[in-house]
Amino acid sequence: MSEALGNFEGLLREALAPVEPPEDLALRLESTLESITEMAADELQEWELSAMRDPRNWARPATALVVGGGAGVALVLLRSRRRAHGSSGGLSGARESAERTVRDLGRETRKLLGNH
Amino acid sequence: MDEQVSTKPKAQLDAEFSDLYRAHLRDVYSYAYYRVGNHHDAEDLTEQTFLQAYRHFERAQRESRGRPLRPWLIRIAHNLAANLYRDRARKPATPIDETTMLAAPHTTEQLVEGREELSRVLGGVRRLPDDRREALIMRFALGMDNREIARALGRSDGATKVLIHRAIKQLEGLVKDPGEVVQDSGVAEDSDE
Chain A
1471 MSEALGNFEG
1481 LLREALAPVE
1491 PPEDLALRLE
1501 STLESITEMA
1511 ADELQEWELS
1521 AMRDPRNWAR
1531 PATALVVGGG
1541 AGVALVLLRS
1551 RRRAHGSSGG
1561 LSGARESAER
1571 TVRDLGRETR
1581 KLLGNH
Chain B
568 MDEQVSTKPK
578 AQLDAEFSDL
588 YRAHLRDVYS
598 YAYYRVGNHH
608 DAEDLTEQTF
618 LQAYRHFERA
628 QRESRGRPLR
638 PWLIRIAHNL
648 AANLYRDRAR
658 KPATPIDETT
668 MLAAPHTTEQ
678 LVEGREELSR
688 VLGGVRRLPD
698 DRREALIMRF
708 ALGMDNREIA
718 RALGRSDGAT
728 KVLIHRAIKQ
738 LEGLVKDPGE
748 VVQDSGVAED
758 SDE
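Protein chains in written order, with our numbering: chain A, 1471 to 1586; chain B, 568 to 760.
Note that these hints are calculated values from the structure, not bench results.
Everything numeric in this text was worked out from a predicted model, so none of it was measured.
Think of the CB as a built atom: it goes at the ideal place given N, C-alpha and C, for glycine as much as any other residue.
Errors might be hidden in some of the hints.
Unchecked claim - Okay, the calculated beta carbon distance ranges per label pair:
1) B:LYS743 - A:SER1501: 30 to 38 Å
2) B:PRO745 - A:LEU1497: 19 to 27 Å
3) B:GLU630 - A:PRO1492: 16 to 24 Å
What the hints assert, rightly or not - A short, non-exhaustive set of chain B residues, derived as facing chain A with CB atoms under 8 Å:
4) TYR588
5) SER597
6) TYR601
7) PHE617
8) TYR621
9) GLU625
10) LEU689
11) ARG693
12) ASP697
13) GLU739
Stated by the list, open to error - Which stretches of chain A does chain B cover? Using the computed rule of at least three CB atoms under 8 Å from a CB of chain B, they are:
14) 1478-1485
15) 1489-1498
16) 1501-1507
Just chain B, same shape as in the assembly (with noise of 0.2 Å):
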């Protein structure tokens, strides 16, 4: 059976959307910012992202029943990334490990220069498996809690949690050995432990 559809005036959704936007626009940039790797397509993202969530926004707003956004948010942009490396993968374009996580200027960039650990855990993070390091970026750049990401990523809370505990383990390896070979992560972290 169908929701009660909403009879929220326009005008309330709208206002409701700009607090949303302006609640978050920091989290979604932060995310395709680590998730593409470069301004140019976190640019493009953010802005996608945001226009998909408006045209969507009532019914995830009755669906949500009061529930935080930010997931809903961030597994819009995670859906367009994908459908990005997608698209790319059909045409001859730079892999997205081969672009400059670090090379463009953002606030990061003088914490890293001089800090080679720090320039060291990012470059792990970039060889992480996507899931790994989708839930790490989560996390850390965002700030959210296992159960806000196992709604982004549409896992349940455990396997949410073995993921997280895998890829700081798996990325702490390769921040002692760089040379270490990274293979995917594929479907054990499916399952809750």
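Excised from the complex, chain A in its bound form (with noise of 0.2 Å):
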């Protein structure tokens, strides 16, 4: 390797120097994994606990098995907040953010569901 491209390289590692991530994302972040993980082994436990003959508790492993199964739901809990960031809010704003919400719950379930 010739002097000049050790020289550029070197120039090019300095340049690109690695970025530290803010550590309100780290934050975030941790917290939200941290949610789906136990959210999912909460909801599993308490199935298990559960004796299945009240059909009310039915619907509990399916929720169970969605949180558990991927991070959709934190997806669209994410993208749900960064929409409401940049909305310029009012009423009107509001319900259509929560109609995309529902939208978006679904197409994520369907997916999960799809994926197990």
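Fit chain to chain and form the complex, with the hints in mind.
Okay, structure coming up:
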């Protein structure tokens, strides 16, 4: 390797120095990941403990599957939060946002259930 | 035939994912930042990368057969970034080349300040074709070796070596002559030399 090329690579290494993620990103992401793993575990435990005689409990496994089976729900929540950030607000904006969230959740749920 | 299904307890998988996340958060964020050119989108991309990774972690572990998972993570980020650009291309938005890679404060800003040379290098990186720019980001910002970059880009080791060599050569030209016209790298780098 020529000295010039070596110098250029050194320059490139300096220019493309690793970028530290903002602290709030790390906290937010850790909290999201913790939530989706813990929620799934809780739901599953509850389901195992409950007698399946009561049909009202039958929806629980599906909830746990959706939450534990992937990050789809969390993704939907993140997207909704970002949209809420970007929107101009107001009642119609909130209603549109809620409708979009429900549509997104349905889409993600279908995807997840299709994957399992 | 299907791979043997993992029997790892969920708690163990979660702990291993947590280790992966801690080990590579900076890598994914650095890749995302240099790829998209601003902190807002880089944060978004990083979050989505780890959420997607969590979703497919067990399978990735099974199929990696003990190989490092960093290239897999970066590939997820690469695919998500491509989707982001595709979505934006459908709507009127600021093209990526017009984003301000150095406008937002970040850890390299102090280095770049007063160093015109580094600023020119970054300007040149921004003008490179996507595949060359990505290869250089992986090599120099993340310190990945040829094999890891090849896995992340879905290319052979030989093609990756050629890609990086040509990227550096082209970048040197752009730094020396900022007026140089950039042409797409085409498919030439897909073949080993």
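Hints versus structure:
1. The hint said 30 to 38 Å for the Cβ distance between LYS743 (chain B) and SER1501 (chain A), and at roughly 47 Å that hint is violated.
2. Between PRO745 (chain B) and LEU1497 (chain A) the CB atoms are about 40 Å apart, so this pair departs from the stated range of 19 to 27 Å.
3. Roughly 32 Å separates the CB atoms of GLU630 (chain B) and PRO1492 (chain A), a value that falls outside the hinted 16 to 24 Å.
4. Checking TYR588 (chain B) against chain A by beta carbon gives a least distance of about 7 Å; that is within 8 Å, so the hint holds.
5. This hint holds: SER597 (chain B) has a C-beta 5 Å from the nearest C-beta of chain A, less than the 8 Å allowed.
6. Contact between TYR601 (chain B) and chain A, as hinted, is supported at the beta carbon level, the nearest pair being about 6 Å apart and thus within 8 Å.
7. The closest approach between the C-beta of PHE617 (chain B) and any C-beta of chain A is roughly 6 Å, which is under the 8 Å cut-off, so the hint is satisfied.
8. Interface restraint check: TYR621 (chain B) against chain A, minimum CB-CB distance 5 Å, threshold 8 Å, status holds.
9. Interface restraint check: GLU625 (chain B) against chain A, minimum CB-CB distance 11 Å, threshold 8 Å, status violated.
10. Checking LEU689 (chain B) against chain A by beta carbon gives a least distance of about 5 Å; that is within 8 Å, so the hint holds.
11. The criterion of a C-beta within 8 Å of any C-beta in chain A is not met by ARG693 (chain B), whose closest approach is roughly 11 Å, and the hint is violated.
12. At about 16 Å, the closest approach between the beta carbon of ASP697 (chain B) and any beta carbon in chain A exceeds 8 Å, and the interface hint on this residue is violated.
13. Because the closest C-beta pair between GLU739 (chain B) and chain A is about 6 Å apart, less than 8 Å, the hint holds.
14. Counting residues of the region 1478-1485 of chain A whose CB falls under 8 Å from any CB of chain B gives 7; the rule of at least 3 is met.
15. Counting residues of the region 1489-1498 of chain A whose beta-carbon sits less than 8 Å from any beta-carbon of chain B gives 7, enough to reach three: the coverage restraint holds.
16. Coverage of a stretch by a chain is defined here by at least three residues with a beta carbon nearer than 8 Å to that chain's beta carbons; for the region 1501-1507 of chain A and chain B the count is 4, and the condition holds.
Violated hints, listed in ascending order, are 1, 2, 3, 9, 11, 12; each of the other numbered hints is respected by the structure.
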